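S.K.: What follows is each chain in one-letter form.
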Amino acid sequence: MQGLKKSILVSLWFMFLTFPLMVIRIDSLNGTIDWRWENMLGMGAGIFVLSFVWRFMLARKEAGRAAAAGGAMSARGAWFERLRSDPKAAVPAMALIFAVFLALPWVFSTYQTNIMISALLYVMLGLGLNIVVGLSGQLVLGYVAFYAVGAYAYAILNSNFGLGFWAVLPIGGAMAALFGILLGFPVLRLRGDYLAIVTLGFGEIIRLVLENWSSFSQGPSGIANIERPGLFGMQLSVNEATTYIYYLILAAVIVTIVAVTRLKNSRIGRAWQALREDEIACQAMGIDITTTKLTAFALGACWAGFAGVIFAAKTTFINPASFTFLESAMVLAMVVLGGMGSVIGVSVGALVLILLPEYLRAFSEYRMLIFGATMVLMMVFRPQGLVSPGRTKYNVPGADGVGADAARPAAGGNA
Amino acid sequence: MSATTATAAVNASAAVLDVRSVSMNFGGLRALNEVDLQVRQGEIVALIGPNGAGKTTFFNCITGIYVPTEGEVRVTPRDGRTVTVNGMKASEVTTLGMSRTFQNIRLFPTMSVLENVMIGRHCRTRAGILGALLRDPRTRAEEQRIVEESYELLKSVNLHQHYQDQARNLPYGAQRRLEIARALATNPFLLCLDEPAAGMNPQETLELKELVLEIRERHELSVLLIEHDMSMVMSLSDRIYVMEYGSKIAEGTPEEVSRNPRVIKAYLGEESHA
Ligand SMILES: Nc1ncnc2c1ncn2[C@@H]1O[C@H](COP(=O)(O)OP(=O)(O)O)[C@@H](O)[C@H]1O
Ligand SMILES: [Mg+2]
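One line per chain: the protein sequences are X and L, in this order.
Per the numbering used here, the first sequence starts with residue 12, numbered consecutively.
Per the numbering used here, the second sequence starts with residue 150, numbered consecutively.
Only chain L is shown next, with the shape it has when bound in the complex (with noise of 0.2 Å):
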């Protein structure tokens, strides 16, 4: 923990993604509410809220799946310069090097494990029309990289056992965690992580936060997350970010977070219900 904190303190200035006052509305209705949040270099930053608050839509909105009504999207990717990407295609997003899991999970199903994260190799690489019909030694040579590169990424998170089977036969929690291998293999500078542990046990959400801080230290990323389980998102942020009906309600550490009476009611007091 308190090495998190001293890496976070070196960078104090780079912020990776700095999000000014994006709102999204939906027909008539608000999703996001003049959304301000910075991540910085190496940072864990955990975005929470009641269902409902807008925290995916946020998702959406810094990662080209909806362009926002009002506000600004800007990225700093690892080669420094600082990027606009509000208007942004998805994929151009990506791209440029932020990655993203989805809450209800998204993989290409009937395709092998080992496929789903090659998948995410593509915007890493090049080979075109004619190297896939004639098949030269540079196509091989690349695809071959690809193959291994995936199984690499499979094995961090303990999934190669499976890589030859379809990836809609994986239990859940697998099926979560090769979404993380498969956003990581489009070697992403921030990787966004929506509900991660929904639908795990407490064994499981233990390891994925092992993984997370893993991930962290080994491909050097920053990690925007959205979750629900309390003790994980109090052991793993550096800081935290609280919404409520669209509006930022909140941030700061976990401790003063945990102690700021708005978000005490609003999520939870909410909790306590669940």
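Next comes chain X alone, as it looks inside the complex (with noise of 0.2 Å):
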């Protein structure tokens, strides 16, 4: 059997790839060498296992392309698409996750809440996120420069000239947004690799500035007693100021959900979307694409800038650490595993990976392993991410019904 032969030959590579690691063990008390050969046993026999779990995996992937091209939805898809697009099961299901975030605060610890407001930040980081590279398709690597311009922004302000964070909130947002056009124009003309390589550049660009220009930012150690957000001159304690920033950014979270989604159905983002499809194509059809690439770069860096602000405004404290590649590469991380350009997915995918490493302590020494294979597997089995787009419902009169059901068989016969 053709299968049995691959998983005997890949079990036998892995059993000589981890040799050195399982097998030998040196006892330098002693001197001598522990061969433990039960430990190959155990990697060859698990090896062979898996490849077997791979490779129906694999075919059963393939089996769902072809039943998808068919016209066919695998009964998990259609009760989502159910929920998404059929009002009556939609307005229940939103409801029913708005008053479970409603309640959270009051029944998690103010340590939970905590967390919750972070995973909240990176949804909202995420969706902006998702203007820039789901929607227009530019792969942007640098994305939390504008998180620490808002957040900066905030701070500066805050200490410097003693304004209050509802002030500095839209400034923090414009600041960010005129970086997003700053950094657009030198990279008008780059695409892909080239794109996220500049980006990434400037990126760190940002950071060093802050890490550097000390009497401006005052260096590694940050700047502290940042104000809370006020709430109409009220004394709040820190219990109290953590459910007030939950629900400050919880609307906030439902304002970035709303607008993207109207923005990403709208004429602009359409364009946006036209441009990630084809560049060529979309300036023949009348697109100018400077103006499109800049408004995504502004808009997408504009919520960092919010996100940035409300940050700040969450710590009290911020520092350039907060703002190195690897955030950006998360929030990257929440775009593509939750699905380019679906503001569900990223959203969900944004608090997958917040939430879940919170409440898998126990495997915190794997963080990073698990991390990388959920990333391998994901890319292999489903690299459109969690969730697709949703396709948006458009009301064209005369047209009731023949869509979908009457176009589908003729499409399937040819695809």
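Since the hints were made in silico from the structure, they are not lab data.
Some clues are possibly wrong.
As the list claims (entries may be wrong) - Here are the computed lysine to aspartate or glutamate pairs in the EDC-like style, where the Cα-Cα straight-line distance is at most 20 Å:
#	chain 1	residue 1	chain 2	residue 2
1	X	Lys404	X	Asp97
2	X	Lys404	L	Glu297
3	L	Lys304	L	Glu353
4	L	Lys238	X	Glu290
5	L	Lys238	X	Asp299
6	L	Lys358	L	Glu297
7	L	Lys304	L	Glu356
8	L	Lys304	L	Glu366
9	L	Lys414	L	Glu404
10	X	Lys404	L	Glu298
11	L	Lys304	L	Glu369
12	L	Lys238	L	Glu221
13	X	Lys404	L	Asp285
14	X	Lys404	L	Glu359
15	L	Lys304	L	Glu363
16	L	Lys414	L	Glu359
17	L	Lys304	L	Glu359
18	L	Lys238	X	Asp289
19	L	Lys358	L	Glu369
20	X	Lys404	L	Glu301
21	L	Lys238	L	Asp167
22	L	Lys414	L	Glu400
23	L	Lys358	L	Glu344
24	L	Lys304	L	Asp285
Claimed, not checked - Only some residues are given here: those of chain X computed to face chain L with a beta carbon under 10 Å:
#	residue
25	Ile268
26	Val269
27	Ala270
28	Ala282
29	Gln284
30	Arg287
31	Glu288
32	Ala292
33	Asp299
34	Pro400
35	Pro408
Only a predicted model underlies this, so the values are computations on that prediction, with no experimental measurement involved.
For every residue, glycine included, the Cβ atom is placed at its ideal position computed from N, Cα and C.
Join these two chains into a complex; the hints should help.
M.R.: Listed below in structure tokens is the structure:
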């Protein structure tokens, strides 16, 4: 049997690869070598079984793709599609999710609420990056720079000029948008890998400036004692303040979701998607790609700026260490894992990536390992992410129902 | 056919596209060599020539994808003023009213069929970021108008039943028609079609021919057509330009061109091999 032979080969190869690590142990006290052959057997058996699972999954994925091309939808996809497109199901589901989020701070400890706050901050960042990467298809790797701009805008304006949270929130967003445009101009002609590398450099430049320009940003020691957002001048205890910030960020996330969804389904959003799909055709259809790219950069950055202001207000202390490349990579991972261009997908992706590691503290040693393995598995088995973007419904007069159903056999037959 | 000739004769002076000795160099390669071409109001003009003659390059030069090395491209949109377009961005040229399709189909593959056409309406509509965020009545009305106009265009190319499908799932011939609908959505005065019948079967080609004639009447536009299907070119065009190795070698009515010995040698001769 073909599969059996393959699995044996794979397991032999792995046994060979892991031999020095798993089998040999040097006992430096006695100057002897332990040969732990039983490990090798375990390794071989494990890989043997795993390779079968792997092939089974691959086969299932292929089968799924064939079914999708033929017009059928898997049962699991069907209920989700229904939940998403049928208002009778979608509205109660959304109300339920909303109620759960509203109740969280009363159920959770302050510690857990804090985790939720940072998770929601990442949802906001993910949705902002989704505009740039998911909708307009511009691979930006230095996204965290705009987050830093927002955070430092609040920190500096607050500690030097005493400006409050609500005054700086729009300023921080606008500053970040300005930086988005500043970055946008030089990279207008770049695409793909080149764009990614230049934006990565941009992110590092911002961080290094913050780290080294001490008179401006107080360098690596950061800025402390940033004011929490005020609530009509009331004095809030730490617990109350946390709850307040939680509701604030929850509101911000809801506004973001509404805004990004609306943008996505607008004339501008369509232009972004056209830009992502084919730059030449996009130009030839009368879309000015310069302004289209710049608006995507500006709006994506703007949301990172908002998130940055909220972040500074939440932690009351910021330093450049919070804005490393790893953060950019995390946000990008959320967008990619969740499903590029999908608002629901990116939100879920962000929550999963932040919350899972927190609740799997037991495995914290293996965190990066699990993270990496998940990435690889996702890219192999579901490269489009957890949730693929929903289709916009248009109100087309005189087209009642003929659409999808009538068209499907024709499209499937020719696919 | 006779009606066509009459239309052309009436507007004989009104050239909507006037290309004067345009040349294009790619490094050492001269892909276009001082090509002249005119399209008059309401005409269907064909541009033919063997593969590699520079026809697509010519399209790219007049639509702003490339900037020609030498020469001048002038267009006269419906408002009557004459504009020199070389050096303009492709999007500006399209906004002026010159729209095109691509030889190697360039749809927006994962967007729906309807959305592909809606993109074409972009340069004729206004809604901005604020409108998108606030969804004020004016933006909503404009959006609904885009949907309806796009759906009408899909009807005219007989793709309205597929309006929700992803563009990439359409059969080949349907993709070509979708490109035409998308180009029409920009409201052009001149439609440039780059090998629209390539990959179509004879029946589809026949329907395409009818479609082009119908479009010209309904949208009152002129058509510049690159095509290899000789029966289509001969029966559809008012005038034909023939190119070889980047240069124009002949022009005239279908009868004149098909009698031209240089054309027979360069193009029709080669065609009989193929
Ligand atoms: N971007 C480009 N760079 C270099 N050479 C090109 C480019 N585009 C076209 N060419 C060359 O120009 C010539 C004409 O090509 P093209 O216009 O595509 O011919 P046609 O459409 O008539 O078949 C060919 O020799 C082609 O290789
Ligand atoms: Mg060509």
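S.K.: Of the hints given before, which are not true for this structure?
M.R.: 6, 14, 16, 24, 25
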